[in-house]
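Chains as they are written, first to last, in our numbering: chain A, 10 to 272; chain B, 146 to 506; chain C, 256 to 549.
Honestly, the hints are just simulated from the structure, not real lab data. Among these hints, one or two may not hold up.
Below, a list of computed lysine to aspartate or glutamate pairs in the DMTMM-like style, where the Cα atoms sit at most 25 Å apart [stated by the list, open to error]:
1) Lys-353/C - Glu-282/B
2) Lys-261/C - Glu-202/B
3) Lys-96/A - Asp-215/B
4) Lys-333/B - Asp-215/B
5) Lys-155/A - Asp-281/B
These stretches of chain A come out as covered by chain C in the derived footprint (C-beta under 8 Å, 3 or more residues) [claimed, not checked]:
6) 25 to 38
7) 82 to 96
8) 233 to 244
Source: prediction; values computed, not measured. Using N, Cα and C, we set each Cβ at its ideal position, and we do this for glycine too.
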Amino acid sequence: MILLRIVVFAIMAFLLAPIVIIILFSFHATPALTFPFTGFSWRWYAQVFTDSQLGAALVESMKIAFWTALLTLVLGTGASLAWLRLKRRGRAVIEILGITPIALPGLFLGVALLVLFAQLGISLSTVTIVIAHVLLTLPILLVAMKARLTLFDPSLEEAARDLGASQRQTFARVTLPLIAPTLISCAILALAISFDEFVLTSFVAGTETTLPMYIWSMMRRTVTPLINAISTLALLFSILVLVVAAVVGRMRRAAAVADRTKS
Amino acid sequence: MLAVTPIIEITAGQKSFGSMQVLHDIDLAITPGEIVTLLGPSGCGKTTLMRLIAGFEDMSGGGLRIDGRDMKGIAPEHRPVNMVFQRYALFPHLDVFENVAFGLKVKGLRGGELRERVQRMLKIVQLDNLANRYIDELSGGQCQRVALARALVNEPKVLLLDEPLAALDLKIRQLMLEEMKRIHAETKATFVYVTHDQDEAMILSDRIVLMDRGRIVQVDRPEVMYAHPRTLFAAKFLGETNLFEGRIVGEGPEGLVVHTEGGVTFTVRAEAPSRGPEVVVSIRPESFSFDPATGDGRHSVSGRVEDIVFTGSRSFYTVALQNQRRIRVQVQRSAKHRMPARGAEVALFWDHDDVAVLPIN
Amino acid sequence: MLSAGKRMGVVLATPAVFYLLVFFVAPGLLLFVYSFWTSVAFRIVPDFVLSNYIGSLTSPLFLRVTLNAITIGLSTAAIVLVLAIPVAYYLVYVAKSKLILYAILITWFSSYLVRIYAWRTLLGTNGLINTVLINLGVIDEPVKAFLFSAFAVAITLVHIYLPFAILLIVSTFSEIKQDLIDAARDLGTSFLGGFFRVIAPNAVNGLLGAFMLTFILVAGDYVTPQMLGGASGQTTGLLIADQFRKTGNWPLGAAEAFLMFLVSLAVYFGMLWLCRMTGISVKRRPLEKRRAVR
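Construct all of the structure, not just a fragment, from the sequences and the given hints.
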């Protein structure tokens, strides 16, 4: 047991150490990325916020992440609700189509989409990047939803109908609220995946530059704490998104109770 | 029964799933305000019958009227009935208050009246102090009360209950049965109660609808069904009984005379089954007695006590007759009489009013 | 009512199904068609030739980089599995530590490129590991071999794909109740015995799934080997990517992509077969063919 604990903590240290060091050296006063640590400075962060190219890439990435999450949410919600209503064969179609892309590397999806866009004469742009990203995020949503939906008790929908709710009311008041938390957390996950996606993007981006592509071009040229600073901010962003998701989930519950005691 | 318009009336009801017919020729009329139990083994069609009434399944044939209105093509949300689901189907994303308020809210009720009605209902089921709890913060018994309140707050003409106590343990089950009787008295709704548990059925019901393999076998008050089962199935399903295969040999001044395989002759005050003369005689364990005063001591058989199970107020005896045929006897503890011990030779007495004669299947 | 629900289901599924047909199935098929076309003077010409496949399979370069990709994939997936199991086991059965779970989530959410970058700075000649080792007096001069080696590639890939594998295995273990381990211990197995006799056989499908997913992702990952592997860093993925981005011979790239896909399938069935042969995964025999026990 003690041995297991030591092993687990060693593995966790291995996972966290590089990230901690990246963050640490983002505050380094000199461009060197080695010990001894020669003093704290915010200079790299200042540089991040004055780099206009970087800013443009960041905006581009956020735009793509937003649309990817939205499209994933819309398509995924439809497919999830359909899954609940369909019988075995219909479900199989959704599952096979929706889940296989996970088992293919981004490279494969990237070149396939590139060929499609070339054949159809679609020029590469922000839109093609979003289309590609949804191909990664929709399957993840569907896998997570499938696990959630198999636990969904169909008698809840029947109970709502029995209590006088129409089909639409049942959907709005029972089905949707029940699956919404999973849908939302999947959409947030989609946001994060899209924000970080690199390989697939590199095939369908055309002349667009996303944040990962910008980091990539910088990384190839040089090693500088500026990259550490960008990385730290990106990580902070991801954590923020996760925290927001958790807080929103908790707040809804409190709000319901508060509403009633007030009125 | 009085000549009141039935609240539920099913005539020649049929239901098939594909080629499987699960309900045959259902004729049933339920009087307003009564508690009716649909009782039967699993797969007898009782749950399907309830789902037909609720509107979750369409009838394959026959008619269904609720409160005088034909229910053909009427969606579940437009029927004046509400259901308590087997595993409650309480909404996990809503708290107790919101669960109970659900039906009223979708009907458009808001504000003070909504709050008042929900709170009144929560008081009836004694949950007014738990209104802010979520479902996963409740015990099984509490969930049960929420499910009842959620249905009853809509003031349904009929409350349908689908094995509502199946998920509870024995102690709470008895408590909830009494609770349900109290709530029924308070709300005066009609209860249609599905169960496979004969005890629940007998404690709760005004009438029992006994079902077997998609058909209604017998509809009667619990005490009548217990004392006068009309079929072998009814006798076996409701309570414990001793069955003797036999043959009607004649009719005396006191009733039918039946010779049975145990070598015992029974006299039965009843009409002979239409199919005869081969019959089965049924006599409940508690109808036997060691007291010669029972039934004037005219009907008796002797045997030897093989086994005694003592459960407090009652004792269960296994008595072996000469031909090794065993009889189950249940006797009330009594200070007056000394109870026979294991191995004792005894005589068993019974009153011929307590004997039922049934057709062989 | 039922049929109305079903019709509603079809309507709701249509957008997603349509999307996947157009942007997943169609491109896949098109890529397959492309793999039989030819590229003449940078122009792609519809054709039906097997030369792309034959050319790839007889090219020493292709065979070498594919073998490299498979080696990297298998070894990384194996290491990932070995490391992920104890962590997942710990999280599910020993201590349901929220802190560790969050730490895993954060690593998983931290950027792919950043992690490559991190290991690059850590392993470089002026990198942290070399500096620390020199200061400690373990080595006299920086070890160049840390970076641009199979070792650097492996450690980075493990770091990138371990968190996801842990999460997958946690969900597999979660379906196996603690009672089973307790029962096994009660019946006299050791701690490890309980794992191998009870948990592993019940989790084998989930573990195999985690292994295969890691393998596919790692074998297809050409960026990490390219950045950290130096001369040893060329894999099939890079070859394919270059066909599309530099050389412009798309049909050849398409054929190579499908060969890569076939290799993944072969590895999957190979693993399945291995699990059956070694008895880790049990295929139930038909009832009537089972050995009678008296």
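- Query: Does the structure break any of the earlier hints, and which numbers would those be?
  - Reply: 3
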